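**Student:** With chain G's structure known, arrange chain D with the ligands on it following the hints.
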Amino acid sequence: MEDTILRVEHLSVDYKIKAGYLSAVNDVSFSIDRGKVLALVGESGCGKSTVAHTIMRLSIDHNERIGGNIFFEGQDLTKISEAEMEKVRGKHIGMIFQNPLDSLNPVYRSGSQVAEALRLDGLSKHEARERVIQLYRDVQIPNPEERIEAFPHELSGGMRQRVMIAMMLARHPQLLIADEPTTALDVTVEAQVLNIMKEMCDKEGASVLLITHNFGIVAEIADRIGIMYAGELVEEGEVHEIFRNPVHPYSQALLAALPKIKKSEGTIQTIEGTVPRILEKKPECRFANRCPYADETCRFSSPEAKFIAPDHMVRCHKR
Amino acid sequence: MRDYVIKRISQGILLVIVVSILVFAMLDLMPGDPINIMTDRKVSEEVKEQLRIEYHLNLPLHQRYVIWVKDMLHGNFGKSIKSKLPVMDMMKARLPVTLKLTLTALLVELVIAVPIGLLAAYKKDSIFDRIVMDVSLFFTAVPSYWIAVVFMLLFAVKLRVLPLSGFSTPLHYVLPVASLVVSGIASTIRMTKTEVLDVLREKYVLTAYAKGLKKKSVLVKHVLRNALILVTIMFFMSVPWVISGAVIIENIFTIPGMGQMLTSGILNQDFPIVQACVFILAILTVVCNLICDIITAVLDPRIRISLGGEN
Ligand SMILES: Nc1ncnc2c1ncn2[C@@H]1O[C@H](COP(=O)(O)OP(=O)(O)O)[C@@H](O)[C@H]1O
Ligand code: SF4
Ligand SMILES: [Mg+2]
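Chains as they are written, first to last, in the numbering used here: chain G, 1 to 319; chain D, 1 to 311.
Treat the hints as calculated values from the structure; they're not laboratory data.
As the structure is a computational prediction, the values presented were derived from the model and not from experiment.
Among these hints, one or two may not hold up.
If the Cβ cut is set under 7 angstroms, some of the chain G residues that face chain D in the computed set are [as the list claims (entries may be wrong)]:
(1) I60
(2) E86
(3) K91
(4) M95
(5) S103
(6) N105
(7) P106
(8) H153
Quick list of in silico lysine-lysine cross-link-like pairs, DSBU-like style, CA-CA up to 30 angstroms [said to hold, decoys possible]:
(9) D:K203 / G:K198
(10) D:K123 / G:K36
(11) G:K282 / G:K16
(12) G:K87 / D:K7
Cβ coordinates follow ideal geometry from the N, Cα and C atoms, glycine included.
The following block holds chain G by itself, in its conformation from the complex (with noise of 0.2 angstroms):
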C-alpha cells in the first residue's frame, strides 16, 4: 500500500519573458506522505510559490514550461487534461494563498463563496448554508450565523484567512498546499490561524504542503522541510534532522541567520548577496557567488542531490 500522496519528480519550470527563459524551479523532486506536513522554506522568489501553483495548474500569466512529473494518487497531473484537472482541484487538493483580502472576491458575500465550492458537490443551497456555518464554527469564527453575510473588506484579515481555511477544507481534499497563509498577518493572529489550519488539517487527515518564511511554524507543525535556492531544493529531510544537522551551506546559513530573518521581507541578513534571476541554465551550482565553500567545482559543475542518509537529501559537491 503506498503511502506517499503528493510525488513531485524532476519538476523544472521557465517563465517566458522578453529576455528569453527564466528558470524559476529546476529538478525539484520531493513526495508526501498521508497525514503528513511538509514545510517549503527559502528566500522571496526562490520558486516556492511556483511550485504551489504548478502543483495545481494555476496560472495568471500562462507563460510556463513545464517538464517532469506530478504523482498525486497515482495520476501524473502534467499530463492529465483541464477537465481532469478541474476534478482535481479543490476536491482533491484545496490552496490557500498569501494575502487573504485579495483572494475572496470583493463582490461576493463570504459565506457565499465558501457555499459555491460546496455546492459543486451538489448539495442545496439550504444544506449548504448549513455546512457553511458549521465550518465557520470550525475554524472558530465568532457570530457564524451573522459572518457568512459580511463580505471580505467588513472581515479582519485572520478571519479573511480563516475564511479560505474554510473554503479549501469543504471539500475534504487529501491535501492542502498553503501558500505563505499567514505572512500577511500579525504576530498573534499568526499562531490562531496556523493553529486553526493544522487542527482541521489533522482532522482531515490532509497532508499539507507549507511554505513559509518562519521557522517557528516549520518546527511546531511541519514533519518535513525542504530548503528551496534559486528555483532548486537543495536539501530536503526531518525537520528535526535538518534542524540540528544542516548539511547544504544554504541551509546553515539561513538556519544561523534565525533570529534575524524579516518576516516581512523573508531575506536572509547574514548572507550576502540576493537571490540570483537564472536566465540561461549552466554547469554551475547556483549557491556559488554567496558560497563561503564555493570553489572551481561549484562553479563548473552541477550538483547532483544525493542522499546522506536514507532520508536526507542535500545537493552539494562537498557534502
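**Tutor:** Chain D with the ligands only, in chain G's frame:
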C-alpha cells in the same frame, strides 16, 4: 445610501446650474446679431427694436438669464428665431428620435463588444485576439461619417436592401445604428478587454479555480461580474459622447433628431434652439453620471457599505 443619492443629486443640480450659466453667457458672446440674421435688410429699425424686446435682447445679460430660467421651469424654452415655433415642441418631437437612435446603438454595441472583449482577454495573443485587435485598431482610426457614407453607398445605393435616409420605419434605423455601432465598438472592445485582463490577474480568480470551479463559471461569475462594474460605468459615461456622435449621423441620414436641430440652430444663429439643445445635453450628461454612480454603488459592496448601510 440614501444620503449618498441625495448628495449626488444636489451636486448634479449645482452642476446643471453652472452649465446653464456658461451656456447662456457663451452664446451671448457669439458674433453677429441674431435679429439681423432673422430679418431682411428692408425691415425698419423700429420693427427690429420690437423684435429685440420680444426676445428680451434689450435687457442686460443677467436679467435675460433669470427670465430664461423662469420660462424653462415652466417648460418654455422660448421660440425659434427661424421657424417661430416653440422650442419645447420641437424638442419633444426630436429628442425621442435621438435617444432611440443612440440607446439602440449603445445596447447593440455592448451586446457585441462585451463578449468579444471578454474572449479576446481570455484568449490573449491567440489568433482570435490578434484579429479582433487589428480590426478594432482599423475602426478606431476611421471616422463615423466615413463609415456612414460607405454603408449608404453599399447597402442603400448599390445593393438597395436598406432605405437611404429618413426615419419612418425600423429599417431606416439599421444603417444609422450600424454606423454608430461600428464607429464606437472598437474602443468598447478594447476597454472591456483591458478591464477583463486586470480582473483575470486578481488573486480571487485563482481562488475560484482552486476551489474547483469550471472555467466557464470562473469567467462568468467572478471575472465578468467584476469587470461589469467598469463596463456599466463606461456605458453611462458614453451616452453623451454617442449623442454627440449622433449629431453627424443624423445629418448624413437626414434623421430629424436633436443633433440635426442643433446643427441647423448653430448655422442659423438660432440661439434659443442652441441654448435648449446644449442645456439638454448637459442635463443628460449629469443624469448619466448620477445613474452611473448609483449603479456602481449597488454593484460594488465596497462602495455600498462605505456609504453606510446596505439599503
Ligand atoms: N508569470 C511569471 N513570469 C515571469 N516570471 C515569474 C512569473 N512568476 C514568477 N516569476 C519569477 O519566478 C521566480 C520565482 O518566483 P516565485 O515562485 O513567486 O518565488 P517565491 O514564491 O519563492 O517567492 C521569481 O524570480 C519571480 O520573479
Ligand atoms: S556546491 Fe559548492 S558552492 Fe554550491 S553549496 Fe556546495 S560548496 Fe557551496
Ligand atoms: Mg511566493
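**Student:** Does each hint fit the structure? Answer for all of them.
**Tutor:** Status of each hint after checking the structure:
Of the supplied interface hints, the one on I60 (chain G) holds, with its beta-carbon coming within about 6 angstroms of a beta-carbon of chain D, less than 7 angstroms. For E86 (chain G), the interface hint holds, the least distance from its beta-carbon to any beta-carbon of chain D being 5 angstroms, beneath 7 angstroms. Here the hint on K91 (chain G) is kept, as its CB sits about 5 angstroms from the closest CB of chain D, short of 7 angstroms. Annotation: interface hint on M95 (chain G) holds; nearest CB of chain D at approximately 4 angstroms, less than 7 angstroms.
At a threshold of 7 angstroms, the smallest CB-CB gap from S103 (chain G) to chain D is about 5 angstroms, leaving the interface hint in force. For N105 (chain G), the interface hint holds, since its Cβ comes within 7 angstroms of a Cβ in chain D; the closest pair sits about 4 angstroms apart. The beta carbon of P106 (chain G) comes within 6 angstroms of a beta carbon in chain D, closer than 7 angstroms, and the hint placing it at the interface holds. At a threshold of 7 angstroms, the smallest CB-CB gap from H153 (chain G) to chain D is about 5 angstroms, leaving the interface hint in force.
Between K203 (chain D) and K198 (chain G) the CA atoms are separated by roughly 23 angstroms; this keeps the pair inside 30 angstroms, and the hint holds. A threshold of 30 angstroms between alpha carbons decides the hint, and for K123 (chain D) with K36 (chain G) the separation of about 39 angstroms lies outside it, so the pair is violated. For the hint linking K282 (chain G) to K16 (chain G), the alpha-carbon distance of about 17 angstroms falls within 30 angstroms, and the restraint holds. Among the hinted pairs, K87 (chain G) with K7 (chain D) is inconsistent with the structure: their alpha-carbon atoms are about 49 angstroms apart, more than 30 angstroms.
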